[in-house]
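2 protein chains.
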Amino acid sequence: MISGIPFNKPFLTGNELHYIKDAVESGKISGNGKYTKKCQQFFETKYGFKKCLLTTSCTDALEMAAILIDIKPGDEVIVPSYTFVSTANPFILRGATIIFADSRTDHPGIDEDQLEKLITPKTRAIVPVHYAGSACDMGKIMAIANAHNIYVIEDAAQAIDNYYIEGDKKIPLGSIGHLAAFSFHETKNIISGEGGMLVINDPNLIPRSEIIWEKGTNRSAFFRGEIDKYGWVDLGSSFLPSEIVSAFLWAQLENIDGLQTRRSEHWNSYYNFLKNWAGQKNVTLPLIPSYSDNNAHIFYLILPTVEDRDKLIQRLKALAITAVFHYQSLHKSDFFKHQYLGNELKNADHYSDCLVRLPLYQELTEETIREICSLIVS
Amino acid sequence: MISGIPFNKPFLTGNELHYIKDAVESGKISGNGKYTKKCQQFFETKYGFKKCLLTTSCTDALEMAAILIDIKPGDEVIVPSYTFVSTANPFILRGATIIFADSRTDHPGIDEDQLEKLITPKTRAIVPVHYAGSACDMGKIMAIANAHNIYVIEDAAQAIDNYYIEGDKKIPLGSIGHLAAFSFHETKNIISGEGGMLVINDPNLIPRSEIIWEKGTNRSAFFRGEIDKYGWVDLGSSFLPSEIVSAFLWAQLENIDGLQTRRSEHWNSYYNFLKNWAGQKNVTLPLIPSYSDNNAHIFYLILPTVEDRDKLIQRLKALAITAVFHYQSLHKSDFFKHQYLGNELKNADHYSDCLVRLPLYQELTEETIREICSLIVS
Chain A
824 MISGIPFNKP
834 FLTGNELHYI
844 KDAVESGKIS
854 GNGKYTKKCQ
864 QFFETKYGFK
874 KCLLTTSCTD
884 ALEMAAILID
894 IKPGDEVIVP
904 SYTFVSTANP
914 FILRGATIIF
924 ADSRTDHPGI
934 DEDQLEKLIT
944 PKTRAIVPVH
954 YAGSACDMGK
964 IMAIANAHNI
974 YVIEDAAQAI
984 DNYYIEGDKK
994 IPLGSIGHLA
1004 AFSFHETKNI
1014 ISGEGGMLVI
1024 NDPNLIPRSE
1034 IIWEKGTNRS
1044 AFFRGEIDKY
1054 GWVDLGSSFL
1064 PSEIVSAFLW
1074 AQLENIDGLQ
1084 TRRSEHWNSY
1094 YNFLKNWAGQ
1104 KNVTLPLIPS
1114 YSDNNAHIFY
1124 LILPTVEDRD
1134 KLIQRLKALA
1144 ITAVFHYQSL
1154 HKSDFFKHQY
1164 LGNELKNADH
1174 YSDCLVRLPL
1184 YQELTEETIR
1194 EICSLIVS
Chain B
824 MISGIPFNKP
834 FLTGNELHYI
844 KDAVESGKIS
854 GNGKYTKKCQ
864 QFFETKYGFK
874 KCLLTTSCTD
884 ALEMAAILID
894 IKPGDEVIVP
904 SYTFVSTANP
914 FILRGATIIF
924 ADSRTDHPGI
934 DEDQLEKLIT
944 PKTRAIVPVH
954 YAGSACDMGK
964 IMAIANAHNI
974 YVIEDAAQAI
984 DNYYIEGDKK
994 IPLGSIGHLA
1004 AFSFHETKNI
1014 ISGEGGMLVI
1024 NDPNLIPRSE
1034 IIWEKGTNRS
1044 AFFRGEIDKY
1054 GWVDLGSSFL
1064 PSEIVSAFLW
1074 AQLENIDGLQ
1084 TRRSEHWNSY
1094 YNFLKNWAGQ
1104 KNVTLPLIPS
1114 YSDNNAHIFY
1124 LILPTVEDRD
1134 KLIQRLKALA
1144 ITAVFHYQSL
1154 HKSDFFKHQY
1164 LGNELKNADH
1174 YSDCLVRLPL
1184 YQELTEETIR
1194 EICSLIVS
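Residue numbers (this note's numbering), protein chains in the order written: chain A, 824 to 1201; chain B, 824 to 1201.
If we strip away everything but chain A, and leave its shape as in the complex, we get (with noise of 0.2 Å):
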């Protein structure tokens, strides 16, 4: 019988700790050195992403975004009241009032076909976030976004190596709208504790980039010999990462085609013991939208009602199973449930009630992951 289930696990593929060694010995672990490089060139060169900036968070990712797009006060930026935090407050700390879009009925991304109506002149930014790595629609988001001039920021935290499909294309998320923010969160596919990236596909917005990432200095510029002092320029903050942090996430990315392969295995296995069981009981399991790859991220169920997954994550905990619910709908926090002037969202508010995450790393088993399917069909 399994017990002591946790709902994530953190891991090493081997050469994390022999990379970070190797950055003390070669002298520089500060931010922006070898191992920053590599990962940024690892992304740009795989997925055809412009410029990278690793950072110290998805988070700072989107502060970064935030500044390099010049949010004032008055600015209104579209996001989903279904997601983290951190997809609102980097625009919060720059000014901008944030207009809260609902899910989508048949999964917890954007709802796409209400961005329109949302949607002022003072609208400067749609933050589309690929929740459980799936892709939204972002042929429609891109359309409805240059037609009104506006930013489109991916918030990709949860959607490394994944896909939109458009035909028989198959495009990296994160190299559509005109900034992307990753994650590299201990949870996420690819780990280094605390982590993320900033992606600039828009050329108009890279020179700046560097400048904000590096305290509002020319120092990068500096260094590679393009002039001769460097100095205070621009705002900024001090977004990039430790090399102890970037030599670790090399270390994973070296990986990542067998982690993401194990990981999806993982994913199917749930999926297949539990779809018969979900079929009868009116539970839902993930869509995987037709426009989308999978990475696996998240497998999640939602239940028919708050009562039903509140029973299912206390049954599963009662065998020292640990699954856990999601975002509590962002536009009824104790944060903006009094300045919230906008509708009902209804499925943002039924996600918060009703989906439950279940554990998903890579040191899990198929025999494990059939254990605790067994379990929840009980």
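It should be emphasised that the hints constitute simulated quantities derived from the structure, not laboratory data.
Every clue listed holds true.
One copy or two, it doesn't matter: identical chains are merged, so the pair holds either way.
Calculated pairs, DMTMM-like style, for lysine to aspartate or glutamate (alpha carbon to alpha carbon, straight line, at most 20 Å):
| no. | residue 1 | residue 2 |
| --- | --- | --- |
| 1 | LYS844 | GLU1077 |
| 2 | LYS1098 | GLU1194 |
| 3 | LYS963 | GLU939 |
| 4 | LYS1160 | ASP1057 |
| 5 | LYS1098 | GLU1190 |
| 6 | LYS1155 | ASP1057 |
| 7 | LYS1169 | ASP934 |
Given chain A, put chain B in place with the hints provided.
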């Protein structure tokens, strides 16, 4: 003959990689884990700091400080001009106007006697920087700040394990201001590549600090079992570092006394080898004020002219020894010069022109320092 002496070299004290592995194996490498708590408790116990929160950088600690004291457009914040951009940027990001102060004549720290005349009804905070780790006259600064009901945020980036001396009392730097920010950047005495810490001494600021640190959520209270569910309650960012960084830092902190002893030996060697020459050549060695202890963070020289300074740097460079200048006056930066309305800041400009920092890191030996000094005086 010595050659290839870098300005700085990171170092392992022994347990860094072991603790990182332990963090992974113990199942948590995102922020606020075991090693983060160990580091924070270490500082709270050893130095009597009221509350410590590790951050991804000293820049981020200052950004947290700016959010925590509710800096708003129209507020004024007094900052020395001879400092790193990160002393100013965090307050500008919140909309403040920066009022630059000059350095002292006898050392690069802020001129305490100029503060009173820079204060207006809009002044919200003074940010003294303990340059080279040497204490500002905190007695004077706190008296002025308290008389005007202004916050004092110590920029203690360089001031780890140093003390303000008041009569026969030694008071740890970072424990005096309402808030203080430390750095563990690779050039500092104790390192984690990039890294920092906010110290909250004002008890009124403590409750909100953990919330801002945890992205504006009450997650810390949730994990302490004080509330049932955590949610979005305030502004915030992801200020907490990866446990990978904290585990590295913990290994360094365990050895702080030995590391500081060795660094002091190096500093004293420079001082003794150079003092006669300096006296003859009108070169100034670092002044340790009577109210400051010495944490041996930087060994600097102040040459008579910018030409002398640049010549020395070039001469050492030709011998593969890296000595570097330090800050450029911020009020004259490309970013700020067009909006600067204050007086000339002659001392800041003088240190910008004439100060040079010599190599200083753990691995140096007395013999190497003797040779570097022989080359300087030759």
